[in-house]
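Q: Guided by the hints, dock chain B onto chain A, whose structure is given.
Sequence order for the protein chains is A and B. The numbering of the first sequence is the working numbering, which starts it at 1 and goes up by one. The numbering of the second sequence is the working numbering, which starts it at 1 and goes up by one.
These aren't lab readings, by the way, just hints derived from the structure by calculation. Some hints could be false.
As the list makes no split between identical chains, a pair holds if one copy fits it or if it spans any two.
[What the hints assert, rightly or not] DSS-like mimics (lysine-lysine), calculated; alpha carbons at most 25 Å apart, straight line:
#1 203 - 225
#2 106 - 284
#3 302 - 289
#4 193 - 213
#5 250 - 302
#6 302 - 225
#7 164 - 203
#8 284 - 302
#9 225 - 284
#10 302 - 213
#11 164 - 106
Being a predicted model, the structure only gives us computed values, none of them experimental.
Residues per chain, in single letters:
Protein chains: 2
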Amino acid sequence: MNVLIVGSVALDTVETPHGRLERGLGGAATYASVAASHFSHPGIVAVVGGDFPRAHINLLKRRGIDLAGLQIDANGKTFHWSGYYESDMGAAHTRATELNVFAGFKPALPDSYRAAPHVLLGNIAPALQLDVLRQVRAPRLVLCDTMNYWISSAPREVGQVFRKVDIVCINEDEARQFTGAASLPAAAQALLKLGPQRVVIKKGANGVALFGKDTFFSLPAIPLKTVRDTTGAGDSFAGGFVGCLARARKLDEDAFRRAVVAGTVMASFCVEDFSCRRTCRATKRDILKRAALLREYTRIPKWKV
Amino acid sequence: MNVLIVGSVALDTVETPHGRLERGLGGAATYASVAASHFSHPGIVAVVGGDFPRAHINLLKRRGIDLAGLQIDANGKTFHWSGYYESDMGAAHTRATELNVFAGFKPALPDSYRAAPHVLLGNIAPALQLDVLRQVRAPRLVLCDTMNYWISSAPREVGQVFRKVDIVCINEDEARQFTGAASLPAAAQALLKLGPQRVVIKKGANGVALFGKDTFFSLPAIPLKTVRDTTGAGDSFAGGFVGCLARARKLDEDAFRRAVVAGTVMASFCVEDFSCRRTCRATKRDILKRAALLREYTRIPKWKV
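Pulled out of the complex, with its shape left as it was, chain A reads as follows (with noise of 0.2 Å):
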């Protein structure tokens, strides 16, 4: 296990122009684990209930996930989303948010975990991230993900584990609506004030954007027919990033650029059908093709004036 994930392991039931899926397998932590694990050995910390499908275990464990942290309330229900999308596929609409087992979620590191080289803090509570960033052992790279919901609720908190963060992985109106600025550059710089190395802001069907202090790389995402169900596409960019990152002899620029290329590849997989079966049976023949895709869709020609 190289690269922890803490967050939600949930059912979702979505409905979409493109079809319905009834208490799927989803879940922040789960949508990571599953693109991560294309390029790395994830473990999940997180929590189900006693009606949590034993073939949703079964699918983790064969991706190689390790699944010492997650916790089984047997008497508790599992965290229920349900949700669908318009047409456009933009912004997800909630129906119903049931916590169950996670309303008391208390993440406790296995013993085989705490030793983790890379963390990712996943989109839950930001106590619960910083609980976990205790239990672990000097980290070599830490990074958290998409915090909409506790941007507005508890932003001191988001804050605070911003300031213990390598990288902050965000959404473009997520970055806007915490740094109050009208640019995402401006944006960028405000959060890297902060402490983070590097900021990621997430852009959906815009792409992807990776700013440092003095650097700037931009990636868009990959034009598709089909765009079937968005959600975990930013888990799945996370999931992609971390687990490239974690394979990586320098974290340096080049690597953090190699890890966006990643994390697009694996959220374009994602939105191509329900929960994360597209990126499950995705080959390394598939990711191979989709990065020579984006050095195509982004090449430059020799050009002088």
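A: For chain B alone, coordinates are given in the frame of chain A:
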């Protein structure tokens, strides 16, 4: 003269959080021709009134812009647009649009313009764009740009224009509005079906996407510390784009990609100051520097899984 540009030449009154411009030099044809003048020899087809300052004429002449097609209606007043931007510098809010001499404008091409090999149909009524096309002899390349107002008021004529051009250059929102497509790739494919060989979709701070039937190229906008006034950014893009193509030996994918770089660079100058001040001041060195920045911002390091 190798690039004919039809559009408005106007006086603009603009307010942004960074200052105010009072009856400054503006208009789609102005911005586009100033940008194009860095790469080619543009000529303008437009009309101004007797109130149009001599200084503005001189500025355009100094940039080597051919004004044989600029009608001066001594008894009329110049088209005047007045508007403001909020702190995010997003969409312009119009305070007043005084068409004045543009209300009765009939483009009449001087003989020296009829053989123009490249034609940019800037943001004016599609009927006038079609009128210009009837007066030119077999141009090598015809491009139309941004049609916001006319997409809702004269969608049929806009469609006629799209069917007669080689390149449609259009804003993200316009592309969605005209095609009704939910995603940009779908909107681009719908536009390509009308006949143009390439569709350029301008996304403001999110950069630009170039779609062919089987090709896709994406370029970010250059992140800038100060964005003073975004008026004319799209026109500057179109001008740089067509100006760069005017020098291409072959009009192939690589030539179009280079043109997207040129357009992006010119738009980045445009927004740094009011009117076309910064775009006028740009040197060859400035242009090459920004083109090099774009190359670095999109550089993908070698990558393997």
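Q: Enumerate the violated hints, using their earlier numbering and listing them in ascending order.
A: 2 and 6
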